[in-house]
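There are 2 protein chains.
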Amino acid sequence: MSSSNIKIRIPYGELSAMGPGKADLLDAIESSGSISAAARNLGMSYKRAWDLVDTMNRCFSQPLVSTATGGSHGGGAQVTEFGHAVLRRYRALVVKAEQSVAAELQELVTMLALSAAEK
Amino acid sequence: MSSSNIKIRIPYGELSAMGPGKADLLDAIESSGSISAAARNLGMSYKRAWDLVDTMNRCFSQPLVSTATGGSHGGGAQVTEFGHAVLRRYRALVVKAEQSVAAELQELVTMLALSAAEK
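Chains as they are written, first to last, in numbering that gives the first Met the number 0: chain A, 0 to 118; chain B, 0 to 118.
I should point out that these hints are in silico values taken from the structure, not numbers from a laboratory.
Remember, predicted model here, so these are calculated numbers, not experimental data.
You may find that some hints are simply not true.
As the list claims (entries may be wrong) - Restraint ranges, calculated between C-beta atoms of paired labels, are given here:
| # | chain 1 | residue 1 | chain 2 | residue 2 | range |
| --- | --- | --- | --- | --- | --- |
| 1 | A | L14 | B | A67 | 41 to 49 angstroms |
| 2 | B | E13 | A | A102 | 20 to 28 angstroms |
| 3 | B | K46 | A | A102 | 35 to 43 angstroms |
| 4 | B | V108 | A | D50 | 18 to 26 angstroms |
| 5 | B | P62 | A | R47 | 36 to 44 angstroms |
Backbone N, C-alpha and C define an ideal beta-carbon position, used for all residues, glycine too.
Chain A with its partners taken away, still in its complex shape (with noise of 0.2 angstroms):
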């Protein structure tokens, strides 16, 4: 899950074809092999979820999550090698972000209250 102060999301047109909640969404789906479960773990209903994959799927050139047929709310689901590519990247750029501001971010916190810079 990610608590990170650095949100980056990656537009495609008007929509956003991944950000730190689609990129939470594919790691529950890593985890729990289905989008119903995923939904579950994150508290969110299993129709965001479907829509954030589909949007995911549709924005990307390939799946990032391939769900197999059959049962009512599908017969599991895994994240793709495609998807995968696509998380790693997108958490690794999210991670240069803020080590590349890492300074600076701390000199911000030092013109806080004092009560923040004892927390």
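With chain A's structure known, arrange chain B on it following the hints.
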């Protein structure tokens, strides 16, 4: 106004001391000379704008916005020297973060579906 794909917040405990919305509000106060005009320009309620200003002023070691008393909805507001310093550092930090991952962002864009690459 920021429409960046990178959003950075400066946390203060559970609060956000600075972020894209607050930075835009400071700009709007600077150019309009009052919180109510700034709120109107940004399409937010006066209460919302005032709450954001109050949060900023309480999170930092010095006020970012000074208000003149008198009159309903105040007799004008201005961004302090300290507020300018915080805003300048914050904007520079966002630009640096964007520049640091520009190449990586571009790599991810090449993985998007073709219609986006054409946009």
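> Should the hint that E13(B) and A102(A) are 20 to 28 angstroms apart at their CB atoms be regarded as holding?
Replying inline: At 24 angstroms between Cβs, range holds.
> Taking the CB of P62(B) and the CB of R47(A), does the distance hold inside 36 to 44 angstroms?
Replying inline: With a Cβ separation near 40 angstroms, P62(B) and R47(A) satisfy 36 to 44 angstroms, so the hint holds.
> At the C-beta level, are L14(A) and A67(B) separated by a distance inside 41 to 49 angstroms?
Replying inline: With Cβ atoms ~44 angstroms apart, the hint holds.
> Measuring from beta carbon to beta carbon, are V108(B) and D50(A) in 18 to 26 angstroms?
Replying inline: Given about 22 angstroms between the Cβ atoms, the range holds.
> Is the distance from the Cβ of K46(B) to the Cβ of A102(A) consistent with 35 to 43 angstroms?
Replying inline: holds, 36 angstroms
Hint violations for this structure: none, all hints satisfied.
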